[in-house]
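Engineer: In the order they appear, the protein sequences are chains A and B.
To convert, note that position 37 of the first sequence is 37 in the working numbering; the numbers rise steadily by one, no gaps.
To convert, note that position 157 of the second sequence is 262 in the working numbering; the numbers rise steadily by one, no gaps.
A couple of the hints might just be wrong.
[To be verified] The calculated EDC-like cross-link candidates involving lysine to aspartate or glutamate, where the alpha carbons are at most 16 Å apart (straight line), are:
#: 1; chain 1: B; residue 1: Lys690; chain 2: B; residue 2: Asp720
#: 2; chain 1: B; residue 1: Lys906; chain 2: A; residue 2: Asp9
#: 3; chain 1: A; residue 1: Lys16; chain 2: B; residue 2: Glu903
#: 4; chain 1: A; residue 1: Lys16; chain 2: B; residue 2: Asp164
#: 5; chain 1: A; residue 1: Lys4; chain 2: B; residue 2: Asp913
#: 6; chain 1: A; residue 1: Lys16; chain 2: B; residue 2: Asp465
#: 7; chain 1: B; residue 1: Lys488; chain 2: B; residue 2: Asp465
#: 8; chain 1: A; residue 1: Lys16; chain 2: B; residue 2: Glu644
#: 9; chain 1: A; residue 1: Lys60; chain 2: B; residue 2: Glu620
#: 10; chain 1: B; residue 1: Lys906; chain 2: A; residue 2: Asp12
Quick caveat, the hints were computed from the structure, so don't treat them as lab data.
One letter stands for each residue in the lines below.
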Amino acid sequence: MTRKAYIADMADIPLKMGLEVQNGTQPMAIFKLSDTEVYAIGNICPHRQGPLAAGMVTGKAVICPLHSWQISLLNGEPLLENAGKAGVPTYETVIEAGKLYVMVD
Amino acid sequence: MAEKLVVIGNGMAGVRAVDNILRANPDLFEITVIGAENYPGYNRILLSEVLEKEMDWPDIITNDYDWYTDNQINLVNDDPATGIDPVKQVVTTGSGAHFDYDKLILATGSMPFILPVPGHDLKNVVAFRSIEDGKYMQQMAATGANIAVIGGGLLGLEAAVGLVDQGATVSVIELAPWLMATQLDETAGKMLQRDLEARGLKFYLGKRTKSILGDDNGQVAGLVFDDGQQLDVTMVVMSLGIRPETTLAKAAGLNVARGITVDSFMRTSDDNIFAIGECTEFEDQLVGTVAPSYAQAKIVADVLCGEPTQPFSPVLETIELKVPGIDLISAGQIKEDGDVRSIIAQDGVNHAYKRIFVKDGVVCGEILYGDVSDGNRYFSMIKRQDEIAQYQATGLLLTEGGGDSTEDLASMPLDEIICGCNGVSKGTILDAIREEQLTSVAGVGKATRAGTSCGKCKPTIEALLQLELGDKAQAMTETMCPCTDLGYDAIITAIKTNHWLTSAAVRRGLNWRTEEGCDKCRPALNYYLNMLFPTEHQEEITARWANERYLANIQKDGTFSVIPRMAGGKTSPEQLIKIAKVAEKFHVPMIKVVNAQRIGLYGIRKADLPKVWHDLDMDSGEAYEKTATREVKACVGKNWCRFGTIDSAGLAELIDRNYVGIDTPHKVKLGVAGCPRNCAEVLTKDFGVIGIEGGYQLYIGGNNGTQVVEASLLTTVKTEDEVLTYFGAYLQWYREHAHYGQRTFKVVQNTGVENVIAMLKDDSQRDAYLERLAIAKAAYQDYRHGLAPWQARLQDEENLKALYTVVDITGQTVKEGV
């Protein structure tokens, strides 16, 4: 069953840097690219389990801090030379009255 | 008020030095240029082209009168300098004018050697050295005169061919048994002679001129050899080489050997007087061509403007005869002796000749005649000191890859010099083509100066343009990252010139392929912006890799390490107790004495980092950052060790505290050993100190990683202060010259360790680096409000919240980092 989980006030989320969200066995990384554009993906890099929330954001992708895999924020898929390999889950984000929610199972 | 700079000599070296100074800093000096000839700056190399009527006199003017006016240069022309008073710092000219100076550059050039035989002072005996000489020779040739050229060297032959083509009858007289005897062997010399005879030149080889005969009007009437043979000539051109013009320098009491003695930064024996070009002598060598003169003109400008520069070293050059239809190249050592042997190939059908000289298995010289297509390949082998064991001796003479010159150009290394006169490399030309979207040889010349002096490289530049614009896939090995085609130097120059202060501005200005860059270029741009504009650039934290952003080393499981500073590896009960308490409180799973002589706590969760550092209340060891003194490894030193000669642990702490936290292109590791037993293993460090009785040996450029490199001895000094200044200058040099992510050993290797050593040993160079380092250090301290990194971070609530907050939605609660 999908539930709408409150994450944080939009104003408190860092711009173009990851926010780590613990959620049992499905940790997430949240990326705010602007006041209206926020992405939530799985926090565990498919390569060697690096924490994507600590990665560098470029365009609509994040670069894993461990071995520089690029992961798309749009669909969670690896990019460039690792395209086609297994990716990370993505989560729907909802902004309501300045608050960010993520749809989780 | 601007300092007064006087340049004596309005020739190629002097004008180039002034041009370089104006490019570096147009406001630094009030400049006066004193010249003997009544012309603005012109290109003396092209005199033979003018004589050949391939160019006209105005074509060879490099800097017209407007250039002097526009740049507020006081040109004192047609009025030679006659005296220098080095005490009062005044130059006097022939007209009696006086010019005060703070700094003086002597670029007095050379005088042609005149054979002191009877009749040498007759009216139409000239040396082909100035525009006036050239104009006179042209006039005489046009009347069909009978002219003798004394000297069968490069310039004599170029003059002779020019005169014949203008209608004169020309006899070339040479003492040696064949032409161009210092550059060619007998076979090539004879081949050249036959080809020139076919063009109408007459040769008198092995002949010594006894006297020049005059008529009643003081004009040349003939010439007599010492064997009695007589030639009917009406003009004599002397081309017997040059002598440095040192009259003024000698009279001023400067050290003069054959030329004015200069050090590798162009200083004469007087601190305020510099000398460049053909009037100088450096390490017993004179200058006779434009490439070293221009190199010196760049060095003197950099030194005067306080810019970083490399010391002068003699330039290896090829010699080519600028006569249309005759192809020859000579370079390096071209005489056989005990160690030098040669390989010869002669092609009688195609009238071509090759001879390659080899010493100890290394190619050291070449003579090519008729077919010079392999000239550059051999010259590269000479410069790189290629071993020829891999070639069969005769295979060396075969043309590689079917002689496809496009392919040669494509595979030519970027640092290979294309324009020898101006020292412009293939990489620089390509950068300019790309950066300024150049399409013509003239455009490249304007942007880089390549091809603007003797011009013989113009076809290569043209080929390079075709190669580049025709085939976009041509890869640059030095590009910063896939987001751009530009190399590091071009990017740094563009940042400097445009005074860009943000990475976004750089990416926009240089048409980056990606809007926000990648993890290679982003930290690099952030670094370069800060290095170039330390007081103006705002740190871009989103451009930092995780370690530098979180001020902690990320581990494979996503946790971090915490490593407090223990300068010199020294600690105290108080520190140890704090570390122990924190380790206990946060259940630290791994405590390790690390390689850099301090204690590491491993497995700290991101959200706990601020709390751990708060409890520790210690300086950070900055194990996570690319900064100067994250590791100074030291032995215990003379206060304890019975063999110690210096207080190594104390010196390590001093260096550490002095240069802590300054951003560098990569990590910088240091070591200080108390005696030559070297227990601290400093010879594989970026900077190492070894204590000896009464002093400190300093080592640079060592490395210990995937590549092990032994450090090189920089110098030996007597005091700790000197250790600090040498290290500081070396550090700033590294900051300014490395590609981001490059360790010191790479940069030292690329620059040449002797060059780095010479530069660091020069007081003014060292001072200039230290001055810039001091600005960077102050800016860094401002940025952290004078606090240690974590103490500053703990007061920075915005970043604390942004970086270390972890949200837990398992129970819908929000945990914050603080």
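Engineer: Decide, hint by hint, whether the structure agrees.
Structural biologist: Each hint, compared with the structure:
1. This hinted pair checks out: B:Lys690 and B:Asp720 have alpha carbons roughly 10 Å apart, not beyond 16 Å.
2. About 13 Å separates the Cα atoms of B:Lys906 and A:Asp9, which keeps this hinted pair within 16 Å; it holds.
3. For the hint linking A:Lys16 to B:Glu903, the alpha-carbon distance of about 14 Å falls within 16 Å, and the restraint holds.
4. Our distance criterion of 16 Å between C-alpha atoms is broken by A:Lys16 and B:Asp164, whose separation comes to about 57 Å.
5. Between the alpha carbons of A:Lys4 and B:Asp913 the distance comes to roughly 14 Å, so the proposed pair stays at or under 16 Å and holds.
6. Proximity of A:Lys16 to B:Asp465 is assessed by CA-CA distance (about 60 Å); at most 16 Å being required, the pair is judged violated.
7. This hinted pair checks out: B:Lys488 and B:Asp465 have alpha carbons roughly 15 Å apart, not beyond 16 Å.
8. About 15 Å separates the Cα atoms of A:Lys16 and B:Glu644, which keeps this hinted pair within 16 Å; it holds.
9. In summary, the hint linking A:Lys60 to B:Glu620 is supported, as the alpha carbons are separated by about 10 Å, within the 16 Å threshold.
10. Distance restraint check for B:Lys906 and A:Asp12: the Cα-Cα separation of roughly 8 Å lies within the 16 Å cut-off, and the hinted pair is therefore satisfied.
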